[in-house]
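Engineer: Dock chain B against the given chain A, drawing on the hints supplied.
Line by line, the protein sequences give chains A and B.
Heads up, the first sequence is in our numbering, so the first residue is 1 and it goes up one at a time.
Heads up, the second sequence is in our numbering, so the first residue is 1 and it goes up one at a time.
Don't take each hint at face value.
[As the list claims (entries may be wrong)] Derived pair list, reagent style SDA-like, types lysine to any residue, alpha-carbon separation capped at 25 Å:
1) A:K198 x B:R21
2) B:K108 x A:T150
3) B:K106 x A:M201
4) A:K483 x A:R238
Calculated from the structure, these hints are not laboratory results.
For reference, the chains in residue letters:
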Amino acid sequence: MSGEEYESDMDYTDSDCGDPGYDDYYNNQQWGSEADNDIDSEQNKKDPEYAIHECLKVEEVERLLNENVEELSNRLQITPSLAKVLLHAHEWALQDIILKYRNDASGLLVTSKIKSSHEPDSSIALRGARTGTCLVCVNTLSLERFAALTCGHTFCKDCWCMHFEVQIIQGISTGIGCMAQDCEVLVPEDFVLSLLTKLTMRERYQQFVFRDYVKSHPQLRFCPGPNCQIVVRSKELRAKKVICSSCKTPFCFRCGMDYHAPTDCGTIKKWLTKCADDSETANYICAHTKDCPKCHICIEKNGGCNHMQCYNCKHDFCWMCLGDWKAHGSEYYECSRYKENPNISRESVHAQAREALKKYLHYYERWENHSKSLKLEEQTLETIKSRIHKKVMHASGTWIDWQHLFEAASLLARCRYTLQYTYPYAYFMEAGPRKVLFEYQQAQLEAEIENLSWKIERAETTDRGDLENQKDIAEKRRVTLLKDFLEV
Amino acid sequence: MCWDALDLWRQGLIMADLPRRIIKETQRLMQEPVPGISAVPDDANARYFHVIVTGPEDSPFEGGLFKLELFLPEDYPMSAPKVRFITKIYHPNIDRLGRICLDILKDKWSPALQIRTVLLSIQALLSAPNPDDPLANDVAELWKINEGEAIRNAKEWTRRYAMDN
Numbered sequence: 001m002s003g004e005e006y007e008s009d010m011d012y013t014d015s016d017c018g019d020p021g022y023d024d025y026y027n028n029q030q031w032g033s034e035a036d037n038d039i040d041s042e043q044n045k046k047d048p049e050y051a052i053h054e055c056l057k058v059e060e061v062e063r064l065l066n067e068n069v070e071e072l073s074n075r076l077q078i079t080p081s082l083a084k085v086l087l088h089a090h091e092w093a094l095q096d097i098i099l100k101y102r103n104d105a106s107g108l109l110v111t112s113k114i115k116s117s118h119e120p121d122s123s124i125a126l127r128g129a130r131t132g133t134c135l136v137c138v139n140t141l142s143l144e145r146f147a148a149l150t151c152g153h154t155f156c157k158d159c160w161c162m163h164f165e166v167q168i169i170q171g172i173s174t175g176i177g178c179m180a181q182d183c184e185v186l187v188p189e190d191f192v193l194s195l196l197t198k199l200t201m202r203e204r205y206q207q208f209v210f211r212d213y214v215k216s217h218p219q220l221r222f223c224p225g226p227n228c229q230i231v232v233r234s235k236e237l238r239a240k241k242v243i244c245s246s247c248k249t250p251f252c253f254r255c256g257m258d259y260h261a262p263t264d265c266g267t268i269k270k271w272l273t274k275c276a277d278d279s280e281t282a283n284y285i286c287a288h289t290k291d292c293p294k295c296h297i298c299i300e301k302n303g304g305c306n307h308m309q310c311y312n313c314k315h316d317f318c319w320m321c322l323g324d325w326k327a328h329g330s331e332y333y334e335c336s337r338y339k340e341n342p343n344i345s346r347e348s349v350h351a352q353a354r355e356a357l358k359k360y361l362h363y364y365e366r367w368e369n370h371s372k373s374l375k376l377e378e379q380t381l382e383t384i385k386s387r388i389h390k391k392v393m394h395a396s397g398t399w400i401d402w403q404h405l406f407e408a409a410s411l412l413a414r415c416r417y418t419l420q421y422t423y424p425y426a427y428f429m430e431a432g433p434r435k436v437l438f439e440y441q442q443a444q445l446e447a448e449i450e451n452l453s454w455k456i457e458r459a460e461t462t463d464r465g466d467l468e469n470q471k472d473i474a475e476k477r478r479v480t481l482l483k484d485f486l487e488v
Numbered sequence: 001m002c003w004d005a006l007d008l009w010r011q012g013l014i015m016a017d018l019p020r021r022i023i024k025e026t027q028r029l030m031q032e033p034v035p036g037i038s039a040v041p042d043d044a045n046a047r048y049f050h051v052i053v054t055g056p057e058d059s060p061f062e063g064g065l066f067k068l069e070l071f072l073p074e075d076y077p078m079s080a081p082k083v084r085f086i087t088k089i090y091h092p093n094i095d096r097l098g099r100i101c102l103d104i105l106k107d108k109w110s111p112a113l114q115i116r117t118v119l120l121s122i123q124a125l126l127s128a129p130n131p132d133d134p135l136a137n138d139v140a141e142l143w144k145i146n147e148g149e150a151i152r153n154a155k156e157w158t159r160r161y162a163m164d165n
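The following block holds chain A by itself, in its conformation from the complex (with noise of 0.2 Å):
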């Protein structure tokens, strides 16, 4: 039934709890940042990038994930509890989890580790029949002061109380295991919550139960966006955009990083950690210095001829070919050497460290380039609303007449933004044919950006068409692009 009520709940437009796709048409409207939403569905189908997703809140997401835990347990016939623990190591698939169950409930419940695969054994050293001896704090109690897992081994609850605690505390709250040695067997949830005492252990372990219940389930993920409790769910599993409807924070369905095509989400992992650390740096000391042959110190050269003097050891020699200066005669500021064997240098350690440089920096600097920019979309917005008051102050056209100008700028924002991540695409890229069309494609979007960008500085109300005309080619070419490139 659940995978049936899946279908309908994500019918975008009957969604009952509170979607604010078309709710808040108005709201949203203002500066143009969710555009992308309003435009039209028509475009957004067309959009090799868009997912159908909705913006859950957390008391949305409970009644979701009991629902799913409510039929299994019904279906089944066992525990809420034990539901929940099949549903988070079986990533939700309710249908799938029946299915097994049937063909064989104990490889089941064993390798969902609720069960334990050796025959239940007690680690309780009974004294007589009333009282025992907790294997952990190995005090004797009354048998009452003790539990036990379906596994069998039986501590005293105080023990487990504290065990709880301890693992809480380190944030594990779904994956709390049996105090027993080398005994798998998870922890259920009303087990713990009928040890756990103390109110604040008791909230914190509920909150982190639902927040791995949500990573564990495939079609939910946490918005990225700061402190936003918002989940988005999407049944499409795929590197696609989602925009977050509370905080208005895009990013990758599927990794939760901030949106990447066409790049995918372990390219883009690498292009960031890359930017990230500073390999760069020793990269570029590789490239720019050459340490001195004769005492081994440290040169930068940023300037002049290949004479080098060292500045610690005042020793003379060439920069071309290391050798010693008195070596090269007449021909003063010629390398006879190097000019023999020009391969001197491109073979050299140097040389390739250089050429490796130059490649990053090439792409980085666009990269970043088109990072700014984007930056500067505030401002951007702010120009151009004091540039409708303006015209509008001067009776050259009314506010409304000026609204297409909004929408301008988002769509070459979303431009700009898909254009930026394609540098780290190229720089990733083998070469080959491939790369050369990558990089055609590229090239022509760039080139309608930025006709589009001075088109929207000096609008004016009579070339209202040639606006429409570019923000229509610029956005054909990021869509080509990403029918041709984009992999999801």
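Structural biologist: Just chain B now, kept in the frame of chain A:
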């Protein structure tokens, strides 16, 4: 108050605070020591143990006496004890700082394990180094490429650092 008296007083206070589990374990370690292993609590801190493990027979560490320190954290036995080699040792699962790569000291810890079982596991690790799960990379590398040379190194280090002191 003289220093001895202060120490006794301090010790009494610490003992009074000590969980029964730790007292029991300490008593048993004293009464029935594990062969080849000695673990003595520090005079000033009952959670800190001075440990000496003898190198197992038929291992490159044979004949050596290895000093270790063992500390029982506040939430012991819910958390694993912290153990470190003080004596230098050439072993693929023990690094330059004496830190030990052993599953039961990390994710496989169970509150049902004890100081005794931990020390036995460490002794077993000396008999059976595991270069596929290394902590000291250079040692593990050599252990895999040229086991003979690695064992010679281990013997040399044992002789140099773990004997006559």
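Engineer: Does each hint fit the structure? Answer for all of them.
Structural biologist: For each hint, the structure was consulted:
| no. | hint | result |
| --- | --- | --- |
| 1 | A:K198 x B:R21 | 23 Å, holds |
| 2 | B:K108 x A:T150 | 20 Å, holds |
| 3 | B:K106 x A:M201 | 23 Å, holds |
| 4 | A:K483 x A:R238 | 15 Å, holds |
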